[in-house]
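Enquirer: Sequence:
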Amino acid sequence: MLAVVSIARYIILSLSLIFAVAVLGLSARTTDTSILFLGGIAPFEIINLVIAPLTIVALSIILSVGAFRQNAITSMIWVEVTTLSILWAMWVMVAAFTTRVINLNFPLGCTAYIPFYLQLCSKITAIQGLAWTVWVLLMGYSIILGIMACVATSRGISVWSKSVKDATFSHPASPNQDVQMPPKLELQVNHQHAHLQSLQQANHQQPSLQASALQNNGVGYGVPDGMAHATSTANQTPAYPQV
1 MLAVVSIARY IILSLSLIFA VAVLGLSART TDTSILFLGG IAPFEIINLV IAPLTIVALS
61 IILSVGAFRQ NAITSMIWVE VTTLSILWAM WVMVAAFTTR VINLNFPLGC TAYIPFYLQL
121 CSKITAIQGL AWTVWVLLMG YSIILGIMAC VATSRGISVW SKSVKDATFS HPASPNQDVQ
181 MPPKLELQVN HQHAHLQSLQ QANHQQPSLQ ASALQNNGVG YGVPDGMAHA TSTANQTPAY
241 PQV
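Heads up: the sequence shown begins at 1 in my numbering, then just goes up one per residue.
I should point out that these hints are in silico values taken from the structure, not numbers from a laboratory. You may find that some hints are simply not true.
[To be verified] Result set (SDA-like, lysine to any residue): computed pairs, CA atoms no more than 25 Å apart in a straight line:
1) Lys162 <-> Ser85
2) Lys123 <-> Leu137
3) Lys123 <-> Lys162
4) Lys123 <-> Thr31
5) Lys165 <-> Ala152
6) Lys123 <-> Asp32
7) Lys162 <-> Val79
8) Lys165 <-> Asn71
9) Lys123 <-> Ala96
10) Lys123 <-> Ala22
11) Lys123 <-> Cys110
12) Lys123 <-> Ala89
13) Lys165 <-> Ile144
14) Lys165 <-> Ala67
15) Lys123 <-> Ser34
16) Lys162 <-> Val4
17) Lys162 <-> Ile61
18) Lys123 <-> Pro43
19) Lys123 <-> Gly25
20) Lys165 <-> Met76
21) Lys165 <-> Val136
22) Lys123 <-> Ser142
Could you build the full structure based on these sequences and the hints that come with them?
Expert: Below you can see the structure in the form of structure tokens.
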């Protein structure tokens, strides 16, 4: 489980870092085009040029410091969840602004304009797709990691001050876990069943004990024939008169 979480963390943060670098490069190209042909910088380009470098720096620190230093503060789960939550909140702003620019300036799609606007529209559309992708990756990972940490805390396991690589989100299995003790109710039922069996055995043995006792009495003292006949007839089922 820990290996899967660590691998997923490395893949998600690495992809987000690569996409942030791509967004920075595309934003620099669109900014040059805006300054050259439009005489200024659009607001969404300023946002892109601020958020993309911040993401690159933050993710580079989280990945590099955690790889070379154990229990670093930048690798602690609470620091990681907080940082990534701030980043994905900024990336949803990048994606929303870029989507708004495309809807306002290129409502017919990129192929409906002259080559100059076609290139500009293609770059902005690429920024839009990358921004939404980074937002989904960072938000999904930070939320899942936060939920796992909260569940571990509710079980009495402290993981917020540990890194994902060193954290244990569940109690280790005990060596006696395979030995299953019967529940208390099952013990009571088994005890009652054994008691009933002992009573039934005693009831079956009682007639034979009475017969052996009569035989022993006959050996020492002699039992009258009438008494023996009365005893045998008493154990028989009385016959009812037939009409």
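Enquirer: The structure should be examined with respect to each hint, and the outcome stated for every one.
Expert: Hint check results:
no.	hint	verdict
1	Lys162 <-> Ser85	holds (18 Å)
2	Lys123 <-> Leu137	holds (21 Å)
3	Lys123 <-> Lys162	violated (40 Å)
4	Lys123 <-> Thr31	holds (11 Å)
5	Lys165 <-> Ala152	holds (15 Å)
6	Lys123 <-> Asp32	holds (12 Å)
7	Lys162 <-> Val79	holds (10 Å)
8	Lys165 <-> Asn71	holds (9 Å)
9	Lys123 <-> Ala96	holds (16 Å)
10	Lys123 <-> Ala22	holds (11 Å)
11	Lys123 <-> Cys110	holds (10 Å)
12	Lys123 <-> Ala89	holds (22 Å)
13	Lys165 <-> Ile144	holds (15 Å)
14	Lys165 <-> Ala67	holds (10 Å)
15	Lys123 <-> Ser34	holds (12 Å)
16	Lys162 <-> Val4	holds (17 Å)
17	Lys162 <-> Ile61	holds (16 Å)
18	Lys123 <-> Pro43	holds (16 Å)
19	Lys123 <-> Gly25	holds (10 Å)
20	Lys165 <-> Met76	holds (10 Å)
21	Lys165 <-> Val136	holds (22 Å)
22	Lys123 <-> Ser142	violated (28 Å)
Checked against the numbered hints above, the structure breaks hints 3 and 22 and satisfies the rest.
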